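*Asks:* With chain A fixed as given, assemble chains B, C and D onto it according to the hints.
Number of protein chains: 4
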Amino acid sequence: MADGKTGLWIVGARGGVATTVAVGLAALRRGDAPAYGLATETAPFAGVDLPGWDQIVLGGHEVRGGTLLDAARELEAGRVLPIGAADRYADDLARLDASIRPGVLVRSGAAIESLADAASVVPCATPREAVRRVAEDLIAFRDAQGLERVVMVLLGSTEPPVDAGALPTDVAALDASLDDAARCPLRASSLYALGAIEAGAALVNFTPCLGAGFRAIEEKYFDAALPHCGADGKTGETLLKSALAPMFAARALRVDSWVGHNLLGNRDGAVLADPEHKRAKVQSKERLLESLLGDAPQSHVSIEAIDSLGDWKTAWDHVHFRGFLGVPMAMQFTWQGCDSALAAPLVIDLVRLMDLALRRGEKGALGALAAFFKSPLGAAPRALIDEMNTLVEWARR
Amino acid sequence: MADGKTGLWIVGARGGVATTVAVGLAALRRGDAPAYGLATETAPFAGVDLPGWDQIVLGGHEVRGGTLLDAARELEAGRVLPIGAADRYADDLARLDASIRPGVLVRSGAAIESLADAASVVPCATPREAVRRVAEDLIAFRDAQGLERVVMVLLGSTEPPVDAGALPTDVAALDASLDDAARCPLRASSLYALGAIEAGAALVNFTPCLGAGFRAIEEKYFDAALPHCGADGKTGETLLKSALAPMFAARALRVDSWVGHNLLGNRDGAVLADPEHKRAKVQSKERLLESLLGDAPQSHVSIEAIDSLGDWKTAWDHVHFRGFLGVPMAMQFTWQGCDSALAAPLVIDLVRLMDLALRRGEKGALGALAAFFKSPLGAAPRALIDEMNTLVEWARR
Amino acid sequence: MADGKTGLWIVGARGGVATTVAVGLAALRRGDAPAYGLATETAPFAGVDLPGWDQIVLGGHEVRGGTLLDAARELEAGRVLPIGAADRYADDLARLDASIRPGVLVRSGAAIESLADAASVVPCATPREAVRRVAEDLIAFRDAQGLERVVMVLLGSTEPPVDAGALPTDVAALDASLDDAARCPLRASSLYALGAIEAGAALVNFTPCLGAGFRAIEEKYFDAALPHCGADGKTGETLLKSALAPMFAARALRVDSWVGHNLLGNRDGAVLADPEHKRAKVQSKERLLESLLGDAPQSHVSIEAIDSLGDWKTAWDHVHFRGFLGVPMAMQFTWQGCDSALAAPLVIDLVRLMDLALRRGEKGALGALAAFFKSPLGAAPRALIDEMNTLVEWARR
Amino acid sequence: MADGKTGLWIVGARGGVATTVAVGLAALRRGDAPAYGLATETAPFAGVDLPGWDQIVLGGHEVRGGTLLDAARELEAGRVLPIGAADRYADDLARLDASIRPGVLVRSGAAIESLADAASVVPCATPREAVRRVAEDLIAFRDAQGLERVVMVLLGSTEPPVDAGALPTDVAALDASLDDAARCPLRASSLYALGAIEAGAALVNFTPCLGAGFRAIEEKYFDAALPHCGADGKTGETLLKSALAPMFAARALRVDSWVGHNLLGNRDGAVLADPEHKRAKVQSKERLLESLLGDAPQSHVSIEAIDSLGDWKTAWDHVHFRGFLGVPMAMQFTWQGCDSALAAPLVIDLVRLMDLALRRGEKGALGALAAFFKSPLGAAPRALIDEMNTLVEWARR
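Residue numbers (UniProt numbering), protein chains in the order written: chain A, 1 to 397; chain B, 1 to 397; chain C, 1 to 397; chain D, 1 to 397.
This is chain A alone, in the form it adopts within the complex (with noise of 0.2 Å):
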């Protein structure tokens, strides 16, 4: 049974998302908010076993300054959080805002690293020093707010992509790595991952980072009967085309190209503009369509970071396909989402999903979650609606 309590530490916690987060429980809460967007409170979770609102710790760490209220009051003129909601949760952001502790900048790429505040970075020497911190803070958290369980959730900017034949292979050279700053391929989404295992907590990783998607670390979440998931939370574009590249499998509709231009304009679209950084996400996004189509279309998928949208979203999807004799048939669609406003909802889905997943002693990547990643572990990508079979399957069990 979900007792006590259970911690939601984010990594990037005065982020647009974390502040959504933030906000939306504490509306929830007080009553003040609809269940819109919650996975997990319609009705194929009903009696699945799940902590309530207030059974939700909140804690994280942070590079940036600022204040959790101002980012509030930035996503209430961008119209991402309901107007008044700033003031009215002002004391659970102060609350929260105070415990936020320094996070840890390691091989970030100039992006993130031109947006860190130096007061909030934690120098280390080395990675297992960060990785010490890490876990430090973890479990002072988990004592002073005396949690049962604690999750802790990626959600801070996108780093460049980690090449893959750097990567140590297995456990004792992954341990091994950690003591050579200069030679270590790990960037901060891996030390934070490993610092969770430190700590013994669940791992969601909702961002493009690499975290725990390798082997060796794998290997380490299994050893340490730890369970993760991830990667690269699935809230616009790349939703919609887990709805709709199935459509045209199913129907043997040929897509011959799948182009989806995105345009956003808040940190994240600052950070993507970054043509290192933008890699990594563009790889997470292209994946998909083989999996889906069987066959891979010529696809092309842009990121541009247009400052006047702020937190919205806009894409703009050209599917050419062929039907019945070859004939050429088009499908367009434009999406304006809220960035933050999909993402939180999920980030609480899951810490939800994970504190079940702890209690049941899952260990290691669950691809049972896959239906919220864009680059699931543990499972291939697949039908948005075959992975919510599977989800909830797996959390009705």
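Please note that the accuracy of each hint is not assured.
[To be verified] Stretch by stretch, here's where chain B covers chain C in the computed footprint (C-beta under 8 Å, at least three residues): (1) 110 to 122; (2) 127 to 133; (3) 296 to 308; (4) 311 to 319.
[To be verified] Per label pair, the in silico range of CB-to-CB distance: (5) S114/C to G294/B: 30 to 36 Å; (6) A98/C to P34/A: 36 to 42 Å; (7) A172/C to I83/A: 54 to 60 Å.
Since the hints were made in silico from the structure, they are not lab data. Since this is a predicted model, take the numbers as computed values, not measurements. C-beta atoms are modelled at their ideal positions from N, C-alpha and C, and glycine is treated no differently.
*Replies:* Positioned in the frame of chain A, the structure of chains B, C and D alone reads:
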């Protein structure tokens, strides 16, 4: 085993879809065409025992004049059929043309009646006579061609809706009604359906007409141990709805309004420009959302006859939905599909699957084929992927 | 010189547009707002002698109840007005509210009448009495505020169309008709227009209502040496048509069909959901294309009331056209504009320009202002840019 | 008077646009085609003395192999030319084919060079030799066909941009540079332009290449008393921008961002897939907005080569703008145009108008033809309708 030959008897045998079926089967037989658009040719159906292209023999009823060759030329000019197709398959079309029989026209509505050609209409004093004439044509077709099984597919224009309260409520009342031309509420589509029963044929209702969609006739199918399915082929905008609406439901995104505007310019469009006929179609298109979303959003569906578009249905849908904390977002799509090229392969899929159903002794409304229809009989509409999973399971049983 | 003060008397003074005008003028006076949306603040109008923000004094008629402050709060919640605007300008709104006078309701149509509040409607035995009461209110406003000139702007909901054959054909017949409530075909908008003449005010008809749009009343304006202009402000889809259709004409691209679907959810939308009222609006929107394209394409305009959209008019237009050697091509656009925010600055532009017209002694329909209207009086619709060139030339004369 | 014959010499004579011009002129001569797409056939040009269809004689240079008939068949399959066109005009195409001369290839960029056919390229030791060979071909064409006037039209693929700092700054430097193959910065487009001068021909630069777009060569045109115009035909997305951006400016709507994504799949697309070549095109497309809006919005233009689209350019533009009191709104459009069918009639318009210019003795960059170009020479870009008004005025002078 699918041995021998199966008859595909099309009601509306010189229409756009029927002509495309005829050209398409000819092309498939000669290996000229890829299997695009044919669901039964996708991987999940490998190993299912379905009739081959040369096991399917075409015939049909038609109330309009003209020739299939002319119809094919028109479709070629309208970019529905490949350049050169009409000439290449002229012999196949001529052979089929010669075997097409005049149809019946009973309470079909002004818009359909105005398209009919006197020489192509069988005058019938009573509904019972219409049923008999239809059955005789089917039996003659089976005998002449030496067919094992026959499947009738309704592809005619959309009739006005029938007042449900006026329908006969049991088999006896139904039988009795057929002698009274003035009071029998059944339109041609239902008389064709009754004719199929008399001739021992299965029925596919690909139109929004009533056909076999009421309880008394359903009993007759059951008693005759014959299967039928329908109604209203899911080829375009509604296909997309059945792929997309489940995505909103899965993510608890609250759909406030879903507006769909459909433009098309073929004969279908001309018939649907008549408000009486349009009503039947719009009803069929609107039912779906409530089933898929749980809650019914404000919904609006329009169909406009825009001559210049020909067979190229162009639909714009606007979905207005709310996410976390009530923030409103929007999705739009446009669909530019060639209606005949989308429908024709489904007709071929359906005749193959109904042939299987006949061999298996299925009787009554075959809900396992719901994936093909806007208003499925024998099953509530579900997510397209769930419907496909059910279909595959049934087929592979 | 634009000395002294000019009255802006709004019919429909608590509607969305009027409220936005009131808040906007307050913001402009305090220097809170940029000049976005105001054509008269663009470079070509530099040096034209127009009244300043504090020279414009607001008043108006209204048949609905409620307060301007409530209306402003609603617009703020609907993202039409900036966050905090209602509170910031509450005093300005309260002052204006106090001066608003009950309106007249004559043959206004069921949809408008159902919105009216008994206490806000002046009962009038005859049309003549309605005219007199309107004129008295205007004169009282001018005297109380010490105004040099007054411009009445019609912003009420769309009345049903008036049968042109029933209209009085000369001034004498017009005058005679006003005593016979049962037979006078004029609706409120025309009675307001007559009241403006009696009070010596200029008229702007921003609605699709008849207002001063018939010959006999035009003669009266001419005789009274007063200017008027209209009809139906060009704010969204039609604005785009007047920019785009000339492009097709200039390039000899043959437009076969132009379909426009408009969704909106405010009070305007609710009134237009009534078919009688909608007819007037659609007529006004459809006239344009033939003027601009030479040849009339197949055209379809729909307006649907979709509650969730509020003031956010969403339009989809599909243009099907043929180019060289007859090849068919397509253009589509979607427009997501905030109706009140688009209309309000035009109202301010128009009162400034009509003030200039009054000072110049213009009389009758002022065709030079055609750029602002869907159905301009005194000028055929032309390309927007041609209309703007004419306007600038007139203003700088 | 437009007596005698006028030569239309196309550089890129077997490309999609050239082939469409050839088929189109043949169809116009035989009265097979309506005048769609031809601006000079619209009402405002009635009475302007322009050469008739049979007064225009085709010739050209080409560096690629193949035949015009094959090119026409490909365009027919791609739905650019009407069904049957290639066969119907095969004789005209064969005649023209026989007269096409090998072209020059100088610093044309890797993507163009890879398309060239050795037998179709004239080897030239120096730029001067290239100029001379071009001029000789033109003169031979004029003499052989007995032409009164010749207009060269550049229709080749997009060359990489030329560094402006490296260009010769006066006529003497330009002349001197032609002997030094290693140091002369001019690419083929400019050598063709010089060849035209030597042969006494007018020039139309329909491409984004440099051509005659620098001061020293402009002086040579002036000295030779020859007219030229360009650059970069305005056929699709930019045409729309030049119709729409003035609308935003006229209404003081503040454009914050304007993003345009262009997909196309023909040879143009393949060349533009090369970043060096794409740069020239994007520069040409981006210049416009600042001219038309006063203020430059954040702007982004992309061009992607999507094979399946062939000649069917598909563009999506998203315009984010603010209206009254700063409220953000959006407009989107998609354009599905057939590039060759949009460009070809403009080429015919331009040769007719340049013939007029030659007869009138115009010299240097002819700004009156700005309406046809993305980056007009001799005039700043203005609203399309203003440019058209100027053009008509010039033509009717």
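*Asks:* Which hints, by number, does the structure contradict?
*Replies:* 1, 2
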